[in-house]
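> Same order as they appear, the protein sequences are chains E and G. According to the numbering used here, the stretch in the first sequence is residues 1 to 331, in order. According to the numbering used here, the stretch in the second sequence is residues 1001 to 1331, in order.
Just so you know, these hints were derived from the structure itself, not from any lab. Some hints could be false.
Cut-off 25 Å, straight-line C-alpha distance, at most; resulting in silico cross-link-like pairs (DSS-like, lysine-lysine) [unchecked claim]:
(1) E/Lys175 - G/Lys1260
(2) E/Lys137 - E/Lys58
(3) G/Lys1103 - E/Lys47
Just the calculated beta-carbon pair ranges, DEER-fashion [said to hold, decoys possible]:
(4) E/Asn57 - G/Lys1010: 24 to 30 Å
(5) G/Lys1103 - E/Ser15: 31 to 37 Å
(6) E/Asn57 - G/Pro1003: 48 to 54 Å
(7) E/Glu239 - G/Asp1268: 29 to 35 Å
(8) E/Met1 - G/Asn1307: 20 to 26 Å
(9) G/Lys1103 - E/Thr205: 52 to 58 Å
(10) E/Glu114 - G/Glu1213: 53 to 59 Å
Not everything, but these chain E residues come out facing chain G in the computed CB check (under 10 Å) [to be verified]:
(11) Asn61
(12) Ile95
(13) Asp97
(14) Gly102
(15) Arg104
(16) Ile106
If you're wondering where the values come from, they're calculated on a predicted model, not measured in any experiment. By construction, the Cβ of each residue, glycine as well, lies at the ideal position given by its N, Cα and C atoms.
2 protein chains.
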Amino acid sequence: MRPTISDVAKQSGVSTATVSRIINGQSGYTAKTRQKVLEIIQEMGYKPNAIARGLVNKRTNTIGVLLPSLSSRLSSALLKGIENSAHQLDYSVIICDTESDGKRTIEYLDVLSEKQIDGIIITSEWLKDVYEETIAKMKIPVVLVLTTSSHLQIPYIKVDDYQASYQATEYLIGKGHKEIGMISGSKTDKLAGLPRIEGYKQALTDNSLTISENRITYGDFAYRSGMRCMEELLKKAPEITAVFAASDEMAVGALSCAYKKGVKVPDDLSIIGYDDTQEAEMAIPPLTTVHQPIYDMGKMAVEMLLNTKETVGSILMPHHIVERDSVRKIE
Amino acid sequence: MRPTISDVAKQSGVSTATVSRIINGQSGYTAKTRQKVLEIIQEMGYKPNAIARGLVNKRTNTIGVLLPSLSSRLSSALLKGIENSAHQLDYSVIICDTESDGKRTIEYLDVLSEKQIDGIIITSEWLKDVYEETIAKMKIPVVLVLTTSSHLQIPYIKVDDYQASYQATEYLIGKGHKEIGMISGSKTDKLAGLPRIEGYKQALTDNSLTISENRITYGDFAYRSGMRCMEELLKKAPEITAVFAASDEMAVGALSCAYKKGVKVPDDLSIIGYDDTQEAEMAIPPLTTVHQPIYDMGKMAVEMLLNTKETVGSILMPHHIVERDSVRKIE
DNA sequence: GTCCTTTACGTAAGCGCTTACGTTGATTTC
DNA sequence: GAAATCAACGTAAGCGCTTACGTAAAGGAC
């Protein structure tokens, strides 16, 4: 049995109240008492029981994070930012890999609520109405990263997907490309799917280039789908000289496909990605991509959640294009 | 304020004991009482407070995981296995990114202990003596993944690094390579460093090939170091026709370096990796590598930790080589 | 009908803390 | 020197649960 506060109190010859005060750095004891108690604590190896503390303080110093996929580079980077920031502020983080599954998500929301966590960060995932309902009932602070809410006014942190995608496309156009394909996410994805498609289309339109449905393919942001989409593109729209992929993973998939088919990047085909995860840097050739400050978004999310910085409402983070070697200038 | 069990009891006209019994599926009430109470619970939206429960039950249904680096593919895969398995068993997981930092690690160990978690999984990291001391004091079940303990008898799950590395090297030899370089981890790393170097050396020796210190370089398992080591190797030992990298990340780094220098893989140089993370599959060319069942090791770790399966002591998991396109047969 | 067992509860203690409030003795104020 | 103030504690309630124990009523055995 681990020693409790009353064991310490008994040993020190004081009351539990005094021990508690000393532990919590409040006032109401002499330096000598403090010294004595601290010694006893050391000696007995006493560690306060955070559960008992949580029960009375109504704070557990832990937050929960919902992620649609634990194993993607995107999630990892986000999580690293979150964990780091949380640790600095003396919070622990519980991870919940929802696998984009509705039932699972609700389960997690319930568990987190029962465990009396102090806040939740939800990432990357479109909030179904059911989620918002349960969230509303929970009365726990929530902040969103890379996603937004539709009914509730939940603060979020993300970049402007439409803008970013517009810029990526314009970047390609600026490099002289006129036949530009897209490897997008799902049409039905209102977060990273649709807006990015719209940005791409608008950029084409604004530059008097024609939009062709043949040149748009739909993946799921993951590697395999990137390969498949690239293959499709090569077949349906062989005239394209550049493609904009809505995620680095898909861009890398495109790279792999091109490699297999003997299509040289960037000589025969230029590719630009999205996210700027480490796989962009590691790709061959290194991938030009639109940078999202993922790690920082994670850090900021917990600061917002725990109100350590004065932040008002939601935040659109800046993005920019990082030029590497997968896009070439033509003409 | 959220309703408590006594609110439910009052509303239902029974005692808290009865409500508790109903919630916990014990006996001692009529079907009618149960029905009634369940209705009230539904109606009031009552959720048991896991903190209060934890205080009396001395179980929190949460475990902690220590990882040296949250953002590597290896860690992610491991974590996914752990999280998944934990969720199935109704446990939550708290993540702790130690960044291989001693002070941080101890901090985490303390926090986890205070939070009364039910078990700890420590991954990939060499257990310093201080860690083992604190672990011993904590009286919390621990299982190790991809690492072992030196003083304490802590159960572990890993593969035989020496054997795996021996086989990887022999695989290369089997493909006709005689001048084989190595991109290893640190010499001082007793887990994934030394044993893999030893395995490599032994395989060479057993096949009457000479060992040259010029052909061994030392990285830190990460991408950048892989690039650097490859560069070094190209300079110091240009005669090599193959290299064994002690991690996929370093192998990919080697790939990038080779690409930059115009060295064709596998035509001019063969490369074999270690881990079989997703980056091996995504590499160009796809990387031949030593497969570790990472995800399964994660799953198994929590099963061991929570004693759901009859397991005796530690486990050496099987490994095998997965052949992709980065190694070519010569002669 | 009596005695015993069983079922269906209620009572209250206790898990390990925090904290409002009370008490005591010393110090200050005038 | 009496009254007021204050520092340094101790007492005990309470956070939201679980559970050992007690009790009353019902049921069964004879």
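> Hint by hint, note whether the structure agrees.
Results for each hint:
no.	hint	in the structure
1	E/Lys175 - G/Lys1260	holds, 23 Å
2	E/Lys137 - E/Lys58	holds, 18 Å
3	G/Lys1103 - E/Lys47	holds, 17 Å
4	E/Asn57 - G/Lys1010: 24 to 30 Å	holds, 25 Å
5	G/Lys1103 - E/Ser15: 31 to 37 Å	holds, 34 Å
6	E/Asn57 - G/Pro1003: 48 to 54 Å	violated, 20 Å
7	E/Glu239 - G/Asp1268: 29 to 35 Å	holds, 34 Å
8	E/Met1 - G/Asn1307: 20 to 26 Å	holds, 21 Å
9	G/Lys1103 - E/Thr205: 52 to 58 Å	holds, 56 Å
10	E/Glu114 - G/Glu1213: 53 to 59 Å	holds, 58 Å
11	Asn61	holds, 8 Å
12	Ile95	holds, 5 Å
13	Asp97	holds, 5 Å
14	Gly102	violated, 15 Å
15	Arg104	holds, 8 Å
16	Ile106	violated, 13 Å
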